[in-house]
Each structure stands twice: as C-alpha cells, then as structure tokens.
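Participant: If you're matching them up, the sequences are chains P and Z in order.
Counting from 1, one number per residue, gives the positions in the first sequence under the working numbering.
Counting from 1001, one number per residue, gives the positions in the second sequence under the working numbering.
Treat the hints with care, since some could be wrong.
Short derived list, chain P residues pointing at chain Z, Cβ under 7 Å [as the list claims (entries may be wrong)]: (1) Ser48; (2) Asn52; (3) Ile54; (4) Glu56; (5) Phe65; (6) Lys78; (7) Phe105; (8) Gly106; (9) Pro107.
None of these hints come from the bench; they were simulated from the model.
Quick reminder that beta carbons are idealized off the backbone N, C-alpha and C, glycines included.
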Amino acid sequence: EPEVTQTPSHQVTQMGQEVILRCVPISNHLYFYWYRQILGQKVEFLVSFYNNEISEKSEIFDDQFSVERPDGSNFTLKIRSTKLEDSAMYFCASSELAGSETQYFGPGTRLLVL
Amino acid sequence: AQSVSQHNHHVILSEAASLELGCNYSYGGTVNLFWYVQYPGQHLQLLLKYFSGDPLVKGIKGFEAEFIKSKFSFNLRKPSVQWSDTAEYFCAVTPRNAGNMLTFGGGTRLMVKP
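Produce the complete structure using the sequences and hints provided.
Facilitator: Okay, here's the thing in structure tokens:
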C-alpha cells in the first residue's frame, strides 16, 4: 500500500539555524499538507499546497516558514531561522482529491531546537 | 473557525470491555468527520470517516462511529477491545467544500490491559 514518507525522522538544530523537512507524498496525490504537534498539544494545521502554490495556511505559518515542491516527488517545509518553540513533531500529509478528501499522513519528523 | 473536543484524555480498559470515545465539534456549516489512530511508534492512520449518508459508519478493526448532527458529535465505539487497540485516537473535522484544513481534537490515549 502506498505511503507518505518523511525524512529525517529526527532532527536536532541550534536556534537560528535553517532546517528543511522533506516529504514524499503518495504518487498520484495532488494535495499536500504540513501539520505540527508540539509535545502535549493538539495536531495543528500549518499549510496546504496544490498546483505549485499555497492554497491555505494557518496563523502559525508565518514568514519564517515556506513550502516547495522542488521536483515531481518531494514536498519540503523550510523553517528559515528556527526558534525554541518550533520544537515539535512535523507531519506531512497528502490527498488525492480536493481538500475534504481523506488525508494520508507520514510518520513525522521530530524537530528539536536547542 | 471550527474546533474539536475530545473529553477523555486517558482511558484504561480491560480486554473485551466496550469502548466509547467522545468527540464534539463546533462549526457553523457542514463538515466531514474523521477518526485517526496512532499506534505506538507508528504514524496517523485513518480509522473511519463520515462525509454523508448513513450516520453510522463502520471502519477498520471493528470500530464504528455515529454522527449525531443535533449534538455535533461523532463518538467512536467498539464493542470489545483488544490489547492491540492500545493507541492514541484523534477525532478531526474539515469543513465540507470550504478549505483543506483538518482540525484535530486533543486525542485520547487508550490503554487496553491484557
């Protein structure tokens, strides 16, 4: 069964550094998403992406965040200058059709900012 | 904006006990409803979903959920739990035909004692 994959599984970085989290969505899916879960808190929506542009974003997704589909398979989340409060589990998801369809999640990247 | 509440944060049951996990949402329009499960060390997986039609939906592994529109609820049930059901369960909603954002509840950690 096709799965969403994410790399790395864990990332430790220093405050102020840039990080790039990578995701490979399911191959025939057209909609891509990033969510995050700070330890002990709810899973929160960050951004959705379709047809090479952001279709929706939350208040969390400020100027330090960006997303890109650099090639036909990868979908990346970049955090330009990490802060301590960016420490969280970041989940990528994809869906085949429009946003209300089922989203399939990757295993997550645990980001720790020191 | 929509919100989701899961009232039980931790549930401990013995094998063969019946399970009901509460989920209530708040949103002024029509929603699609989901239950996701996260087994220890694994990623979020779809358990079941409701888009329209019969408000009693059946999912994988013997789970079912009932959408009660008047109560804004989508409770998850299983008549007889197994040790392998130990996991965290997340209720989520997305507005129908109005964006991509999944809004999650806080999750319920279920522990099933053998």
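Participant: Now look at each hint and say whether the structure bears it out.
Facilitator: Structure-based check of each hint:
The closest approach between the C-beta of serine 48 (chain P) and any C-beta of chain Z is roughly 4 Å, which is under the 7 Å cut-off, so the hint is satisfied. With its C-beta approaching chain Z no nearer than about 15 Å, asparagine 52 (chain P) sits outside the 7 Å limit, and its interface hint is violated. For the restraint placing isoleucine 54 (chain P) at the interface with chain Z, the shortest Cβ-Cβ distance is roughly 10 Å, beyond the 7 Å limit, so the hint is violated. About 5 Å separates the beta-carbon of glutamate 56 (chain P) from the nearest beta-carbon of chain Z, less than 7 Å, and the hint is met.
With 7 Å as the threshold, the beta carbon of phenylalanine 65 (chain P) stays out of range of chain Z, its nearest partner Cβ sitting at about 15 Å, so the hint is violated. Here the hint on lysine 78 (chain P) is broken, as its CB sits about 20 Å from the closest CB of chain Z, past 7 Å. A cut of 7 Å between beta carbons decides the hint on phenylalanine 105 (chain P): the least distance to chain Z is about 4 Å, and the hint holds. Annotation: interface hint on glycine 106 (chain P) holds; nearest CB of chain Z at approximately 6 Å, less than 7 Å.
With a least beta-carbon distance of about 4 Å to chain Z, the hint placing proline 107 (chain P) at the interface is held under the 7 Å criterion.
Taken one by one, the earlier hints fail for this structure at numbers 2, 3, 5 and 6, listed in ascending order.
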